[in-house]
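Starting from the known structure of chain R, fit chain W onto it as the hints suggest.
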Amino acid sequence: MNLRIFFFITLLVLAFISSASALVIGSDEEEIYIDANFSGKNLLVFGAFYSDPSQARDDKSDILIEVVGPSEDVIIRKKESFFGFWLNSKSVGFNDVPGFYYLSSTNEITNEFLNENNIGLLNKKDTQLIDWSVLNIDWGNIKNEKDKESFYDALIRTKEIEDVYRKVNGEIDIIDGNLFRSYIEIPNTVPVGQYKVNLYLIIDNKISNEYSYNFKVTRVGIEEAIYSFSKNYPLIYGLISLLIAILIGWSGAEVFKRFRKV
Amino acid sequence: MSIYLPIAELSVNIFLLLSLGGVVGFLSGMFGLGGGFLMTPILIFMGIPTNVAVATSANQIVASSISGTIGYWRQGLVDFKMGGVLLIGSFFGSILGVWIFSKLVALGQIDTVISILYFSLLTSIGLIMLIESSQVIRDRVRRKTVKRKIHYHNWAHKLPFKIKFYKSKLYISAIPPIIIGFVIGILSATMGIGGTFILIPAMIYFLGMPTSKVIGTSLFQIIFVTALVTLLHATTTFAVDAVLAFFLIISSVIGAQVGVLAANKLRGEEIRALLAIIVLGVATKIALDLLVEPSEIFNISVIRALF
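For the record, the sequence lines run as chains R and W. All residue numbers for the first sequence refer to this note's numbering, where the first residue is 521 and numbers rise by one. All residue numbers for the second sequence refer to this note's numbering, where the first residue is 82 and numbers rise by one.
Bound-form chain R, shown alone:
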């Protein structure tokens, strides 16, 4: 409940500081720690449409919340049948794609609007081809537009199944006409690193105001220590793994020897 008190006080303070119409936001987390038992977390994002509380939201204004995770390079491979065997064949490399992507709006936002304002991932237009030049893609020997789209769709689909890409609308609560609040689900499959939250106030299909802030996702605990040790000191890590194997194997034989004599 502390959060909610904090939420209203923040808004109240901000409302007095800024006089002009503005997007005001806040969040409850600066850093999210993932340990072995982490089963996901709801990140609270909240704010007000206007700094002047008397100015109520009308139907023409919308809020768009975008969360972009750290970027990564991925390869999408397609399996094809060779003499009855299903083997990986063609592949496409997508570079600098976000490892987490979340887009939420109060009302349905059109792909045209998103593309025009360069927000987020590429969106299919109904009549036009996708402008691939925005992304850093290694197409390999794929030339056909339809094949390109199938690889891109596979990327989005896989990420959606992993729960790291999500596009929703109507999940933002509006309180008293001017305040909004949304819980963003951060599943335990998310990559670690720097995340960016972008908020847009849209009035009459135009971005009237925007605001951004960052938060960090960090892995902690013994599992994380093992993981980073294996990457930073691979030789020592390998030797320790061997030592454990030798000690347990040896003591197994010793224990058994005594057991046998009895």
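Derived by calculation from the structure, the hints in this document are not laboratory data. Take these hints with a grain of salt, some might be off.
As the list claims (entries may be wrong) - Under the rule of at most 25 Å between Cα atoms (straight-line distance), these lysine-lysine pairs were calculated in the BS3-like manner:
1) R:K687 with R:K751
2) R:K598 with W:K184
3) W:K184 with R:K599
4) R:K736 with R:K561
5) W:K366 with R:K599
6) W:K184 with R:K610
7) R:K777 with W:K346
What follows is chain W alone, placed relative to chain R:
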């Protein structure tokens, strides 16, 4: 209760892991096999990434082969000189194997190659065991005893670089054991196996080693091959999962001891026939995964993540 595996990056049920290690350990103690050929594919079925399954199995086999070698060494059944010569070959074999492995990972073909290798391997082992055990059972029914030759003279005796192996009472060229070691090294690095089931017949039939010394000597050389493979994987593919290895090692070492005890009390042939059927079942599952059209024909792999 589940546990998070830091390198495999997924959670698995701890009791499932312990029973897998226990059962594979039991079978290996019972039949004197390393058990890697069952461990790796089952780990892959559980959803552990192929590279982690292979690298971690190698680490687990280090423990089980040490445990076994000590037992045979106490009975004077290890030919260290032969083991050393085999190791010369396996040293280069495993370096080549890990190199092939990382190339296949980069090409995205590791899963397929491992599946095909395992399918061929398990089918042959399964069939051989099935035929062999059913013959023994049939001979027992007919009350026949099979006489075996103690010594084979073949091409291994005619090649140059001959060395005396006193313990095995052999005077043969160093080339065949080095080649055998080389092949075992490659298989160990790419498949996460010790290779006992290939090594033992090869040592008996190609080198003409006495059967009594074969198991101890093969286990002895497997310690070093799998240790080297573990180190090479830890430093090149980063795929050794210490947490996974720990639970598999603990349970397989205990399972192996129980297996050795059980081997003295149970009649082997029927159980061997049963194991053959399990092995063939695993092979069939691998074949189906390769042959049936997958529901998702695209797959993703993250090759670089920014921190």
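Inset, instruction - Return the numbers of the hints above that this structure violates; sort them in rising order. - result: Hint 1 alone not satisfied by this model.
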